[in-house]
Amino acid sequence: MKLRKSILLTLLAGVAVLTGTAAMPAAANSGAGGFVRQLGADWLTGNDGSTLRLNLTLGYQYTDRFSAGIGAGYAFYNDPVDLVPIYLDLTYLLGDGSNAAFLQLKSGFSRSVMRGDEHNSVRHRGGLFIQPGVGIRMNDMSITAGFSFDHASWDQEEFFGRLVREKVSFRRIQLGVGFHF
1 MKLRKSILLT LLAGVAVLTG TAAMPAAANS GAGGFVRQLG ADWLTGNDGS
51 TLRLNLTLGY QYTDRFSAGI GAGYAFYNDP VDLVPIYLDL TYLLGDGSNA
101 AFLQLKSGFS RSVMRGDEHN SVRHRGGLFI QPGVGIRMND MSITAGFSFD
151 HASWDQEEFF GRLVREKVSF RRIQLGVGFH F
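With the numbering used here, letter number 126 in the sequence shown gets 126, and the count goes up by one each step, no holes.
In case anyone wonders, no lab produced these hints; they're calculated from the structure. There may be inaccurate statements among the hints.
Unchecked claim - Quick list of in silico lysine to aspartate or glutamate cross-link-like pairs, EDC-like style, CA-CA up to 16 Å:
| # | residue 1 | residue 2 |
| --- | --- | --- |
| 1 | K167 | D48 |
| 2 | K167 | D155 |
| 3 | K167 | E157 |
Go ahead and model the full structure; you've got the sequences and the hints to work with.
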């Protein structure tokens, strides 16, 4: 299992390095017409526990205030699945310049990844992923707060071969930090 985490973190870091070396105007992150890249970490907390989600978003700054992109992440839920959200990221700056508040919506679908063999799961699947939030952009760094909704389910074999479907909805407060390059 630790090998799977190491591979995922290595892939995320590799993509970040490769995309970070592409030619990009110096002011692309604060004005229209440039590519935006963000590597971030979110702390997700709720009544049923806390977890970490790592994410990478690649997008384009369409106007001085609006950007859109696609992203992927990895949430360490261990219940018994982890989730890999693949999402559309829409961000709208509320002010001008590189220091401004913003509104953000991440929405997509989460794929499930089974952790360990201690559960008798036959099938597992992800589900809808939605994360609305607000944040503050400070040059090449941002701090965000929002609410994260993740859905997953799995079929578990019980006594005498009977299958039971377990459904879970993770509803958690999200606090995050992102680095833009």
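Now for the hints, and whether the structure bears them out:
1. K167 <-> D48: With a Cα-Cα distance of about 14 Å, the restraint between K167 and D48 holds, given a limit of 16 Å.
2. K167 <-> D155: The given pair, whose Cα atoms are some 9 Å apart, holds under the 16 Å limit.
3. K167 <-> E157: Since the Cα atoms of K167 and E157 sit roughly 14 Å apart, the hinted pair holds (cutoff 16 Å).
Consistency note: the structure conflicts with none of the earlier hints.
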